[in-house]
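Number of protein chains: 2
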Amino acid sequence: MADYTQMWTDLGLNHDNHNALLDNLGQAYQSIFMSQENRPEGMSYFDFVMSEAHGLRIQELREEQEAGRKIIGSFCVFVPEEIILAAGCTAVGLCAGADFAQEEVEKVLPRNTCSLIKSFFGFKLGKVCPYMEVSDMIVGENTCDGKKKSFEVFKEMVPNFYQMDLPQTKTPMARHMLKQEFKSFVEKLEEMTGKSISVEDLKQGIATVNAKRKALRRLSMLRAADPAPISGLDALLINQIAFLDNPIRFTEKVNAICDELELLIKETKGAKKAKAPRVLISGCPMAIPNWKLPSIIESTGAVIVGEESCIGERGQRNLTDDSADNLDGLMNAIVDRYLKIDCAVFTPNQERVNHIKEMSQQYNADGVIHYGLQFCQPYIMESFSVEKELEKQNISVLRLETDYSQEDMGQLSTRVEAFVEIIK
Amino acid sequence: MADYTQMWTDLGLNHDNHNALLDNLGQAYQSIFMSQENRPEGMSYFDFVMSEAHGLRIQELREEQEAGRKIIGSFCVFVPEEIILAAGCTAVGLCAGADFAQEEVEKVLPRNTCSLIKSFFGFKLGKVCPYMEVSDMIVGENTCDGKKKSFEVFKEMVPNFYQMDLPQTKTPMARHMLKQEFKSFVEKLEEMTGKSISVEDLKQGIATVNAKRKALRRLSMLRAADPAPISGLDALLINQIAFLDNPIRFTEKVNAICDELELLIKETKGAKKAKAPRVLISGCPMAIPNWKLPSIIESTGAVIVGEESCIGERGQRNLTDDSADNLDGLMNAIVDRYLKIDCAVFTPNQERVNHIKEMSQQYNADGVIHYGLQFCQPYIMESFSVEKELEKQNISVLRLETDYSQEDMGQLSTRVEAFVEIIK
Numbered sequence: 001m002a003d004y005t006q007m008w009t010d011l012g013l014n015h016d017n018h019n020a021l022l023d024n025l026g027q028a029y030q031s032i033f034m035s036q037e038n039r040p041e042g043m044s045y046f047d048f049v050m051s052e053a054h055g056l057r058i059q060e061l062r063e064e065q066e067a068g069r070k071i072i073g074s075f076c077v078f079v080p081e082e083i084i085l086a087a088g089c090t091a092v093g094l095c096a097g098a099d100f101a102q103e104e105v106e107k108v109l110p111r112n113t114c115s116l117i118k119s120f121f122g123f124k125l126g127k128v129c130p131y132m133e134v135s136d137m138i139v140g141e142n143t144c145d146g147k148k149k150s151f152e153v154f155k156e157m158v159p160n161f162y163q164m165d166l167p168q169t170k171t172p173m174a175r176h177m178l179k180q181e182f183k184s185f186v187e188k189l190e191e192m193t194g195k196s197i198s199v200e201d202l203k204q205g206i207a208t209v210n211a212k213r214k215a216l217r218r219l220s221m222l223r224a225a226d227p228a229p230i231s232g233l234d235a236l237l238i239n240q241i242a243f244l245d246n247p248i249r250f251t252e253k254v255n256a257i258c259d260e261l262e263l264l265i266k267e268t269k270g271a272k273k274a275k276a277p278r279v280l281i282s283g284c285p286m287a288i289p290n291w292k293l294p295s296i297i298e299s300t301g302a303v304i305v306g307e308e309s310c311i312g313e314r315g316q317r318n319l320t321d322d323s324a325d326n327l328d329g330l331m332n333a334i335v336d337r338y339l340k341i342d343c344a345v346f347t348p349n350q351e352r353v354n355h356i357k358e359m360s361q362q363y364n365a366d367g368v369i370h371y372g373l374q375f376c377q378p379y380i381m382e383s384f385s386v387e388k389e390l391e392k393q394n395i396s397v398l399r400l401e402t403d404y405s406q407e408d409m410g411q412l413s414t415r416v417e418a419f420v421e422i423i424k
Numbered sequence: 001m002a003d004y005t006q007m008w009t010d011l012g013l014n015h016d017n018h019n020a021l022l023d024n025l026g027q028a029y030q031s032i033f034m035s036q037e038n039r040p041e042g043m044s045y046f047d048f049v050m051s052e053a054h055g056l057r058i059q060e061l062r063e064e065q066e067a068g069r070k071i072i073g074s075f076c077v078f079v080p081e082e083i084i085l086a087a088g089c090t091a092v093g094l095c096a097g098a099d100f101a102q103e104e105v106e107k108v109l110p111r112n113t114c115s116l117i118k119s120f121f122g123f124k125l126g127k128v129c130p131y132m133e134v135s136d137m138i139v140g141e142n143t144c145d146g147k148k149k150s151f152e153v154f155k156e157m158v159p160n161f162y163q164m165d166l167p168q169t170k171t172p173m174a175r176h177m178l179k180q181e182f183k184s185f186v187e188k189l190e191e192m193t194g195k196s197i198s199v200e201d202l203k204q205g206i207a208t209v210n211a212k213r214k215a216l217r218r219l220s221m222l223r224a225a226d227p228a229p230i231s232g233l234d235a236l237l238i239n240q241i242a243f244l245d246n247p248i249r250f251t252e253k254v255n256a257i258c259d260e261l262e263l264l265i266k267e268t269k270g271a272k273k274a275k276a277p278r279v280l281i282s283g284c285p286m287a288i289p290n291w292k293l294p295s296i297i298e299s300t301g302a303v304i305v306g307e308e309s310c311i312g313e314r315g316q317r318n319l320t321d322d323s324a325d326n327l328d329g330l331m332n333a334i335v336d337r338y339l340k341i342d343c344a345v346f347t348p349n350q351e352r353v354n355h356i357k358e359m360s361q362q363y364n365a366d367g368v369i370h371y372g373l374q375f376c377q378p379y380i381m382e383s384f385s386v387e388k389e390l391e392k393q394n395i396s397v398l399r400l401e402t403d404y405s406q407e408d409m410g411q412l413s414t415r416v417e418a419f420v421e422i423i424k
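Chains as they are written, first to last, in the working numbering: chain A, 1 to 424; chain B, 1 to 424.
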């Protein structure tokens with residue numbers, strides 16, 4: 001393995017903290033991912049990406065920077081990758097999936113803040129996220145109260161912070177506002193790069209991102225098979241890596257593993273046993289390395305057949321129409337595509353429960369586990385009506401609320417086991 | 001005392017629950033308010049209003065209804081009373097200041113929801129808020145995540161619910177959006193009443209509300225005196241009653257007590273001792289009967305000299321410019337006035353901390369107690385930067401987080417006593 005010590009020093013990472021983090025990550029990855037049986041061969045690429053997530057991938061990003069590209073970090077699927085690519089920049093998702101430096105974090109944020117927000121503060125304060133440090137600009141967005149207000153503090157900690165406002169509804173006024181915000185974002189990127197985005201650039205950006213979404217959609221659909229050709233953990237991992245990897249290479253590799261999965265399905269070979277209880281996960285996003293709940297679920301013998309999540313279908317479904325031949329038409333298409341995201345910060349948000357029902361049917365789920373990050377008001381509030389509506393259709397639901405700590409592992413396992421027993 | 005049993009039955013209140021509530025309220029009022037010494041004589045009117053809050057005032061509202069007026073209930077100072085009055089309707093604030101039917105509430109809302117939201121659900125589910133039941137329309141607003149998402153559930157429980165969208169910033173786009181929302185609100189009221197709002201109507205609405213704000217401002221300014229001529233509890237009560245009483249009568253009574261307070265100040269007579277430690281409260285609103293923290297503070301011998309709160313200066317300061325001679329101009333003035341409200345749901349919200357500093361100076365506060373309702377993310381997150389900025393100016397701050405229960409009374413008292421000891 002290459003020595004990235006100098007690179008990490010250049011980025012200002014804290015060596016001791018960072019080494020401790022990598023050790024923990026490596027161990028977790030070994031015990032959660034590498035212990036799985038019957039993994040598709042195509043996973044070896046994604047294992048490699050994970051092993052080099054803080055190494056080779058960061059080196060690539062720095063090489064891109066040297067060649068003049070800007071790296072744009074963000075925390076939300078509302079930040080349009082089409083536009084970032086069109087501007088000749090690279091989009092990366094920032095670290096927000098593990099507790100770090102929590103004592104420092106609680107000096108600047110309330111204890112009752114969701115783990116995801118505390119996490120990115122911890123990665124910043126502990127100086128352990130190379131993606132944050134390599135980013136030329138970090139984009140925050142006004143989604144939930146937690147992020148919106150915590151960014152007021154976070155922006156003082158990072159040199160180049162850009163805040164994107166978002167609507168709370170899907171009205172024509174909301175669409176008008178989102179379009180303005182995306183136009184301002186274009187202007188900001190053009191100002192950074194010193195060049196204008198052309199129709200061709202935008203078409204190319206849309207094509208790249210659509211291809212990625214299509215590949216991920218293809219992967220999703222293959223999970224409808226019984227036995228499932230890929231574990232939920234591995235599929236989640238691929239969805240997580242979507243936020244870090246080079247999008248073109250990533251798309252190729254996702255399509256390659258889909259080719260393999262198609263063969264496995266023909267041979268009725270599964271990563272999990274046939275007739276395993278099938279679980280759909282719905283709710284808050286699970287950023288790397290937040291594998292706690294999926295690993296509990298699959299350790300019961302159940303298989304996760306889909307993620308109704310930002311890191312999953314909510315974030316990746318819906319293509320952007322690329323048919324317009326002018327910038328305004330393409331921008332309209334981008335706005336329309338993003339306004340379909342059924343995040344719980346919107347009101348009303350009936351589309352989301354419809355989508356959960358649809359996924360549940362499409363992937364033959366036996367039950368839905370609603371994953372709420374503690375103190376995430378939008379998803380936890382919405383989980384009550386989600387449960388009510390799904391149960392009306394005789395879909396079993398388990399509502400869970402947890403954080404990134406390991407303290408409730410026992411309790412979660414007991415509840416998940418009991419639920420899997422009911423639905424199987 | 002008149003017998004309102006029939007009226008309460010007509011409104012669909014639950015007698016047992018409602019009697020229990022009134023008993024509790026009466027006892028709390030006796031022990032918290034009536035036990036105070038040196039109260040201005042003018043408080044007798046507000047004591048009377050409180051004693052008749054569920055009786056005579058509701059009877060008046062029903063008489064207004066019989067005469068054709070519509071009653072518009074709301075939970076937020078963003079719902080423009082000028083417009084409601086201009087439409088020939090009456091605005092009332094809805095009950096949200098005490099725990100009620102919490103077991104029922106937690107079936108539809110997460111436990112980790114702020115007390116204020118749980119409270120209005122409890123008042124509805126327990127059928128004990130005559131203001132909710134008498135309202136012809138209830139207006140919710142997209143302020144915080146908690147309210148925005150809980151209204152999706154609440155609107156199923158009330159017959160005539162109207163949701164108002166609000167911006168999260170103060171940009172020109174936000175102003176444009178707010179104006180649209182206020183225009184839609186005008187249309188909704190016109191549709192309800194069957195008549196159009198004229199320039200004269202709107203000017204009259206503005207005049208009535210401005211007069212109320214001026215009277216409350218006058219009351220605020222008088223509290224700068226040492227000794228304070230009125231207790232913080234009584235001043236808060238007046239601010240709370242501002243949401244229930246007839247606005248014209250209320251304004252007269254506030255001005256009357258101000259006349260009295262001016263005389264008391266001339267005679268250096270105080271409701272509290274001279275040189276008492278002076279506390280400014282800042283943070284979440286305190287709806288009737290949420291008197292927990294103010295009564296703890298004043299029982300230490302300190303005096304509360306101002307409320308930087310929606311039920312207090314944040315809600316009532318800033319007049320609406322009434323100089324325009326057309327509807328659009330007046331609507332612009334209303335939008336401009338409301339967009340000055342420095343609620344923590346906005347980002348950034350520097351105006352609020354500036355206002356706290358200003359109030360602190362104006363009312364000669366010795367320290368600021370920041371009141372955060374548990375799980376209210378916007379105010380609790382903002383309290384960190386408020387504390388930091390105030391301490392830079394050598395203003396002592398105590399950040400408290402609490403709910404409507406009585407369980408933490410001991411702990412709160414200890415912390416408040418220690419703080420008062422420091423600042424005196």
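Incorrect hints may have been included.
It does not matter which identical chain is used: a pair holds within one copy or between any two.
[Stated by the list, open to error] DMTMM-like mimics (lysine to aspartate or glutamate), calculated; alpha carbons at most 25 Å apart, straight line:
(1) Lys188 to Asp366
(2) Lys107 to Glu417
(3) Lys388 to Glu104
(4) Lys183 to Glu391
(5) Lys183 to Asp165
(6) Lys155 to Glu389
(7) Lys357 to Asp322
(8) Lys392 to Glu103
(9) Lys392 to Glu156
(10) Lys388 to Glu52
(11) Lys183 to Asp10
(12) Lys188 to Glu104
(13) Lys155 to Glu351
(14) Lys273 to Glu191
In case anyone wonders, no lab produced these hints; they're calculated from the structure. Predicted model only: the values in this text are computed from it and were never measured.
Numbers of the earlier hints that this structure fails to satisfy, in rising order: Structure breaks hints 1, 4, 7, 10, 11, 12, 14.
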